[in-house]
Amino acid sequence: MSNSTATAAPERLGLLRVLGPGHVWALGVGIVLVGEYMGWNFSVGKGGMIAGLVACWVAGLLYTCVAMIDSEVTSTVAAAGGQYAQAKHIVGPLMAFNVGLFLVMAYTMLEAANAITIGFLLDTVASMLGHSGLNQKPFIILTILSLAWLNYRGVLASLSFNFVITAFAFVAIILLFVAVQFGVSAVPLDFSAVTNEPLPYGWLGIVAAMHFGLWYYLGIEGTCQAAEEVRSPSRSLPFGTMAGIMTLLIAATLTWYVCSGLIPWEYLGNSGTPLFDAARVTGNTGLMVLLFIGTAFATTASANGCINDASRAWFSMGRDRYLPSWFGAVHPHYRTPYRSIVFLVPIALIFALGAPLDQVITFSILSGLLGYTFMTFNMVMFRRKWPLGTIKRGYVHPWHPLPALILLILCGATYFAVFLGYGTQLIAMLSFYIIASLWFHFWRYRFVRRGEQFTMPWPRPQGY
Amino acid sequence: MDIWNYLEYAAWALSALVAVVMLLDMFRIDTTYDNELLTSSREGELELTQERHEL
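In order, the protein sequence lines correspond to chains A and B.
Residue numbering for the first sequence follows this note's numbering, beginning at 1027 and increasing consecutively.
Residue numbering for the second sequence follows this note's numbering, beginning at 4 and increasing consecutively.
These aren't lab readings, by the way, just hints derived from the structure by calculation.
Keep in mind that this is a model prediction, so the values were computed, not measured.
There could be a bad hint or two in this list.
Claimed, not checked - Quick list of the computed label-pair ranges, beta carbon to beta carbon:
1) ASP37/B <-> ILE1200/A: 45 to 53 Å
2) MET4/B <-> ARG1038/A: 53 to 61 Å
3) LEU17/B <-> HIS1359/A: 21 to 29 Å
4) TYR9/B <-> ALA1183/A: 46 to 54 Å
5) ILE1276/A <-> TYR9/B: 38 to 46 Å
6) ASP37/B <-> ILE1461/A: 31 to 39 Å
7) VAL23/B <-> ARG1472/A: 46 to 54 Å
8) THR35/B <-> PRO1485/A: 55 to 63 Å
To be verified - Going by beta-carbon spacing under 8 Å, a handful of chain B positions derived as facing chain A:
9) MET4
10) TRP7
11) MET29
12) THR34
13) TYR36
14) LEU40
All residues carry an ideal CB built from backbone N, CA and C; glycine is no exception.
Could you put the whole structure together from the sequences, leaning on the hints where they help?
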């Protein structure tokens, strides 16, 4: 096929540009919304109801900063790989390699966690219907493989599917809130613990709650990975990302409100599926079914978006020869990074079948947190090297450098919170990235085509 | 044996089917097309052709 073209310009395959702002929204919110359906409530267990709400809003502030920074940089560096491509152009190759790994690890672990949750959900339903001891493994494997196949077949179908199920899961939260407000629940909302036990573990409980507060929004930065597949990156990426964080702020606050009002905080802090449990407390069968489907859809959407994002990051690193160039292949019909998608399937399966859920989630959070820390100085360097007015930006975020500073401070607080509960994992993760960095610096970088990796037609940075 | 046992077997079978179909397609593509073409994607082509980065 390649030999049949005898023109001067070489025939090239690229990812397909078919996405709009709605798909970007579906990718970002789809990855994250599962955090409203499960996981966030452990913040209530760590510090009580008030701590859960503070964590919800402080983490919301952290991610608003992330969304603003990402919108500006990604609307300018519109390439698959998202933050990896940003780091490559703005900071340097070693940072880019690390950021690429953060992305792949964060999304692959989250995909594994979602698959585990789907297995758990089906086991719960089977138990409710009288079947005990369901073998969850085939359902976990089927989830990962079928979503990988959907991603393999094309990005448009994959993210259109995500749009439908994510919108359903978001509407389900709103319907639960409206139904409870209009008295459908058999149990009234009760916020007496806010005054009776405002901070059962003191102020340290608020810091500890931050670890799981991230769960409300973790992954919204994934919108950047669609940069090379949207029709108009400078318009769609900021629009989809900012609409996404607004959606999540609404969903997170409604979720805290309904769940904290219906479920005593001691139980809420240990619930596996808080929104579904809140629906069960209402005693309304329709709400129970709605929130069960919402939980299943949110989990599926998250796994689907994670496969999309992890494969794009891996593909970009392969294309730049940071990894073997074999991974940088594009399917000639479906125009997807098919080798990267297939390669990451067994890795997700290993974590989904062989590691406990809380460890998988913690490693995902830690990788994400390392990525957010990178964003702070990446943003400062971006504005210093290419100040406003020197290159065209699709979006300019206000109040620079305040969002970057707030993000750095909140990241520091969250590291401390993670260290309180998972210090060993934090050190193990950092050690892994240090060893990987040494491998890249002393071995792999010799294979990189150094001039070709910088692709943006920007003017020379200031000071160089 | 109840419905859940059948669903377990169905999930195993579907998983195997999806894996085989995906791997076969990958093998077919890799053996049909030149690797140079498959790995010919380049970052930033949109930037070069459509965006000017000038004010």
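Is the hint on TRP7/B kept, meaning its closest Cβ partner in chain A is under 8 Å away?
holds, 4 Å
*asked:* Can you tell me whether the CB distance of TYR9/B to ALA1183/A sits inside 46 to 54 Å?
replied: With Cβ atoms ~29 Å apart, the hint is violated.
**Q.** Restraint check, 8 Å cut-off on beta carbons, for MET29/B near chain A
**A.** holds, 6 Å
**Request:** Look at the Cβ atoms of VAL23/B and ARG1472/A and judge whether their distance stays inside 46 to 54 Å.
**Result:** violated, 38 Å
Would the hint on MET4/B stand, with a C-beta cut-off of 8 Å toward chain A? At 11 Å from the nearest chain A Cβ, MET4/B fails the 8 Å test, so the hint is violated.
For the hint 55 to 63 Å, verify it against the beta carbon of THR35/B and that of PRO1485/A. violated, 43 Å
Taking 45 to 53 Å as the stated bounds, is the beta-carbon spacing between ASP37/B and ILE1200/A within them? Cβ of ASP37/B to Cβ of ILE1200/A: about 51 Å, so the range 45 to 53 Å holds.
Starting from the range 31 to 39 Å, see whether the pair ASP37/B and ILE1461/A falls in it by beta-carbon distance.
Taking Cβ atoms as reference, ASP37/B and ILE1461/A lie about 36 Å apart, which means the hint holds.
Have a go at the TYR36/B hint: is there a Cβ in chain A nearer than 8 Å to its own Cβ? holds, 6 Å
> Does THR34/B meet its interface restraint, that is, does its C-beta lie within less than 8 Å of any C-beta in chain A?
Replying inline: violated, 12 Å
Interface hint status, LEU40/B versus chain A (Cβ within 8 Å): holds, 4 Å
Given the hint of 53 to 61 Å, is the C-beta distance from MET4/B to ARG1038/A inside that range or not? holds, 54 Å
Hint check: violations occur at hints 4, 7, 8, 9 and 12; the rest are consistent with the structure.
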